[in-house]
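Asks: Residues per chain are reported as follows:
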Amino acid sequence: MSESQAISPACRLKYTEAMVPGDPDVRLMLRYRDGDVAAFDALYARHKDGLYRYLLGLTLDRDTAEDLFQEAWSKVIAARRRYRPSARFSTYLYRVAHHCFVDHYRRRRTRGREEDAGVAGLIAPEGNPAAETERAQARAHLQRLLGELPAEQRDAFLLREEGGLGLAEIAEVTGVGAETAKSRLRYAYRKLREGFAALAPDRGGNADD
Amino acid sequence: MTERGGDGPTPDFADDTVSRRYRDLADDGSPGRLDRQIRTEARGAVRGPAWQRPLAVAATLALAAAIVLEVTGPRHDAAREEAPAVAPATIGDRGRGLPAPELTPEVEPESAPAAGNVSRFASPAALAPPSGVARKSEMAHDEGVSAEESVSVGAETPAPYEARGANGSSPCASERDSPAAWLECIEKLAAAGDDMAASAERRALAERYPEAAASPD
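As given, the protein sequences belong to chains V and C, one line each in that order. Per our numbering, the first sequence starts with residue 1, numbered consecutively. Per our numbering, the second sequence starts with residue 1001, numbered consecutively.
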């Protein structure tokens, strides 16, 4: 880039802010970057549950999900001074969380714990089945259905449902092309639909709307 | 849950039934224990690490103490006053055996041209009337040194205070045009305990305004 084409940091910041003008989360994060703790509280309240469910659905283990949840937010907090809005905040947040999960998965694989790819082994026990409510059983079934999905399909589905990410954003977060992301989503929705339908007779028709 | 980015209402790959079913059954959200931890961490990050505050306070106190000591403690000039300003051999070679009058102002020949303010500070005696030399002689006599010695030794031993004047940092530099203001400045110096500077200013005053210096108090 020549001297005359160089963009000052202030100019670049204005540009990136202009890129995501309608995202209130970006403004909150920028305020937090500048020291406004209340802005972080607001940001956290908006995203904490979705991100937690995303990680819980991804890991299918409450302890691991909590660890990764904390790790992801810690990274956001630690990187606040370097934060530059280049996309919606949710895209940024879920990309951080996605990388936390991928790193965690790789660490476990290097330790020889191959059961991550499996399903039942990672589903947290729900206590005595006889005492569980119907909702708890349905929730366990959902967990099982999620667990039966390949990890990348589960990831894409959860990014859409919990993170509210669009196709392009999912592709960006997961590092694949838009068509691949779309294909993963299509398979995920189809398998879950079939899974819920299979559950419906057991629930007296309540499981399928 | 946040709004979706840019896919429209329901793209062909998605399924609203599955989405509703999933949301109905999904877990509630993050535990309150985690929420508190993360919010605390976020606050701590804005405030900085816990050890930074006490460190900053300690550094501020240390700096303040150093400044106070510098202002109220024994001055460097006083230390210089006790030490010989010139190697005793210089004086000894002349066979005087007398301590060097460190604050003796530099005296230039009367024929020296009057220069600007900077040179005035460097050698106030240069602008003093001829009678100032006589006054200087008296003062030097009080210290047991002849005027000739005083002038000659002073020329070899530029006094620290006079050197400060050369840099334009004399505490009474701006009052030198008025004897009354100059005297007041000298009194302030003396009151502040800066006897050395006060003494040097008195000498400069005596050279320039001998009648005013006759009764400095």
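Keep in mind that the hints were calculated from the coordinates and are not lab data. Possibly wrong hints are sitting among the right ones.
[Claimed, not checked] Which bits of chain V does chain C cover? Going by a derived footprint, with three or more residues having C-beta under 8 Å, they are:
#, region
1, 40-48
2, 51-61
3, 73-81
4, 148-155
[Unchecked claim] 20 Å max Cα-Cα, derived DMTMM-like pairs, lysine to aspartate or glutamate:
#, chain 1, residue 1, chain 2, residue 2
5, V, K191, V, E172
6, V, K48, C, D1024
7, V, K48, C, D1015
8, V, K48, C, D1012
9, V, K75, C, D1035
10, V, K191, C, D1028
11, V, K75, C, E1041
12, V, K191, C, D1016
13, V, K48, C, E1041
14, V, K191, C, E1041
15, V, K48, C, D1016
16, V, K191, C, D1024
Everything numeric in this text was worked out from a predicted model, so none of it was measured. Every residue gets a Cβ at the ideal spot worked out from N, C-alpha and C, and that includes glycine.
Asks: Each hint should be assessed against the structure and marked as holding or not.
Replies: Quick rundown of the hints versus the structure:
no. : hint             : in the structure
1   : 40-48            : holds (count 6)
2   : 51-61            : holds (count 5)
3   : 73-81            : holds (count 5)
4   : 148-155          : violated (count 0)
5   : K191/V / E172/V  : violated, 23 Å
6   : K48/V / D1024/C  : holds, 18 Å
7   : K48/V / D1015/C  : violated, 24 Å
8   : K48/V / D1012/C  : violated, 29 Å
9   : K75/V / D1035/C  : holds, 15 Å
10  : K191/V / D1028/C : violated, 23 Å
11  : K75/V / E1041/C  : holds, 11 Å
12  : K191/V / D1016/C : holds, 14 Å
13  : K48/V / E1041/C  : holds, 15 Å
14  : K191/V / E1041/C : violated, 40 Å
15  : K48/V / D1016/C  : violated, 23 Å
16  : K191/V / D1024/C : holds, 18 Å
Figure legend: structure checked against the earlier numbered hints; hints not met, in rising order: 4, 5, 7, 8, 10, 14 and 15.
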